[in-house]
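Since each chain sits alone in its own frame, please combine them into the complex, following the hints.
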Amino acid sequence: MSWPRRIFDALEGGLAPLAGRWPRLAFTSAAAAGRLRNRLSRRWPSPEQVQALFPGLEPGAAARVAWRIGGLEARNRLLIDRIRRQGLDPVRPLIQTPEDFRALRPPLVLGFFHVGAVQALSPAVERLPGPVLILRQGLLSTPRPPVRVESTEGDGQRRAAVFRRALAHLAEGGFVVVALDVVPGPGFRVPFLERSIELARGPFALARIAGAPVQPLAARWRGGGVEILTGPALAVEAAPEPKVQEAALAGEAARWLERYLLESPAEMGLGLLRSLLGFAPDGGS
Amino acid sequence: MKPGAVENEVRDLLRSRAPLARDRDELPDDLRLGPGGLGLDSISLVELLLECERRLGLRDVAGLLEGPPLTVGLLISHLRTPTAR
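Which chain is which? The protein sequence lines are A and B, in order.
When you line the first sequence up against numbering that gives the first Met the number 0, it's residues 0 to 284, in that order.
When you line the second sequence up against numbering that gives the first Met the number 0, it's residues 0 to 84, in that order.
Bound conformation, chain B alone (with noise of 0.2 Å):
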């Protein structure tokens, strides 16, 4: 995948799951996903992430919610590293 596809990817991805993240120019990566940020509530996170996973053909991408308050960072940091393909 090319440098910054995955930024791009997810970013798209928040544009079309988000109704908040279509007015923002930029979504820095310290922007919470759920509620204080771009507001997805816990169906919406779900299926942000399953679609990340069927997008980039990643496995468990999911599990992020186990751990701490999900940002855009965290998500794109945890895509691009190679574990999580």
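So that you can see chain A by itself, here it is in the shape it has in the complex (with noise of 0.2 Å):
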């Protein structure tokens, strides 16, 4: 291991207890030590990579796109550990869920992808309105009830057997919160970014069969804290064939990525960044 990257590791370990404290603080100071290790290794990612996904930023800006995104992985790193840590107690009073978030009304897919501060989604779904249920593959720490966890993962039969509890979920008036950038089962490949991305089928299935909308959700850094926001509920056309009607509604749902990263391009998280370049998962450092 490089002596910057031992550095940096211990810097970072090193606020790992400032952030039970001062967590806003520690979360500040993560963003400027992360952006200040990506702008010395100029590594995961580069201006260069930053570049390929955004050709329209000039050398300069996609610098500092690199260098935010270099941030962005500092602080979730850290929100990482404390989740572990301390569970999501600590990270509550970070959140901030505007008007609007609080004013959703189930039944509801609130579909997220894996931008941002994904990992702050789970204390702010506690705030929706109505009872929810969360789809993952993986949870770091459990949300308060009424907040129900159901793990996506195992074979065809035991995810058909979770699709059925989400259906019945929104019958009896709930939200539902999905990844839709995880595909445990059947997708969708869909354009983004001049490239494309993978799709889950699943949460649009569910919103076609359940008669419910589909809206985009994410959460994104404010300095110390997170910031909660919602897309608009994606709308097309209908379709004679089911499958149609649920690819156009992913590719409805790729536009918004696209747009929101086109606006903000370091709310990109290494793990999409990699999957768009064609590197394997933790081809980094």
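Keep in mind that the hints are not guaranteed to be accurate.
To give an idea of the chain B side of the interface with chain A (calculated C-beta under 8 Å), a few residues [unchecked claim]:
1. D40
2. E65
3. P68
Just the calculated beta-carbon pair ranges, DEER-fashion [as the list claims (entries may be wrong)]:
4. A:R91 / B:R14: 49 to 55 Å
5. B:G35 / A:G270: 29 to 35 Å
6. B:G56 / A:P239: 23 to 29 Å
7. B:D59 / A:F278: 41 to 47 Å
8. B:E65 / A:A238: 30 to 36 Å
9. B:R54 / A:P92: 50 to 56 Å
10. A:V148 / B:G38: 24 to 30 Å
11. A:R41 / B:P67: 51 to 57 Å
Think of the hints as simulated: they come from the structure by calculation, not from any bench.
These figures come from a predicted structure and were not determined experimentally.
Cβ coordinates follow ideal geometry from the N, Cα and C atoms, glycine included.
If you want it as structure tokens, here you go:
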């Protein structure tokens, strides 16, 4: 391991205890350290990698976006560490939910992508005005009831059973919160940033069968806190074939994410960046 | 419902929804509906069972998903039981 990497790892490790007492200060410091780390290493992402995905950015702007992604990743590492050590309690006061989020009404499928402060979504959805079911592959910590969590891991029949419970939850007037860009079962490959992205079919099929809208959901760092935002309900024209209708919804979701990231490219996490650039997961430092 | 009607309805439904079922002359009772059998994915499995509920006027056929791996025979025998009605 190189000495600069050891220094930054030690610095981040030193911020962990600070986050217990002064979380906002710790997260702001982690962002500064992450930006500096990226600026010095010019890696993960490099300005060239950012420019490959956002060719409209000048080299200087691409470098600044790369630094900010470095800052995003450092804050997320610290957030994950906090949640692992102390659960969601210290995270809850950092979350800001706008009025339009609290005004959402079920039945509704809230679809999120792995961008921004994605781990902060669990405590945020506790504030939704209705029962919430989160469908996840893995979960760092369990939110407070009435939020329920179901794992989407397992074979086809186990996932089908979870899908059925999610349908029942929507029918009873609940919210279902689900990742759109994790594909444990069938999926759709849709255009995205001049490339393509695979989105899960499940959330769109769930919405179609339940007759519920799908709305994008995201979390973004604002200083030492996290702001929650929602996109408009995805709307497509009715299609005679269910799969065509679902694929159109998936395409609309990808277009929403594309617009969001073109506006705020520094919200792109390394996982999505790596997958778009064709790198294996964990391909960098 | 006439004897054998449920079997016929289920087998027709499977042939219409599972491409792998169309090429088979018979759909034996021990044939799995999911991977390793008719290859229905999670969403198709749910849709198949919801369609059974609609066509046969039954409740909670999709509850079968919570049990052992679904086979053609298991589905038919569940649909035949009076408690399903």
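To see whether the hints hold, each was checked on the structure:
| no. | hint | result |
| --- | --- | --- |
| 1 | D40 | 5 Å, holds |
| 2 | E65 | 5 Å, holds |
| 3 | P68 | 6 Å, holds |
| 4 | A:R91 / B:R14: 49 to 55 Å | 52 Å, holds |
| 5 | B:G35 / A:G270: 29 to 35 Å | 31 Å, holds |
| 6 | B:G56 / A:P239: 23 to 29 Å | 25 Å, holds |
| 7 | B:D59 / A:F278: 41 to 47 Å | 46 Å, holds |
| 8 | B:E65 / A:A238: 30 to 36 Å | 32 Å, holds |
| 9 | B:R54 / A:P92: 50 to 56 Å | 52 Å, holds |
| 10 | A:V148 / B:G38: 24 to 30 Å | 29 Å, holds |
| 11 | A:R41 / B:P67: 51 to 57 Å | 55 Å, holds |
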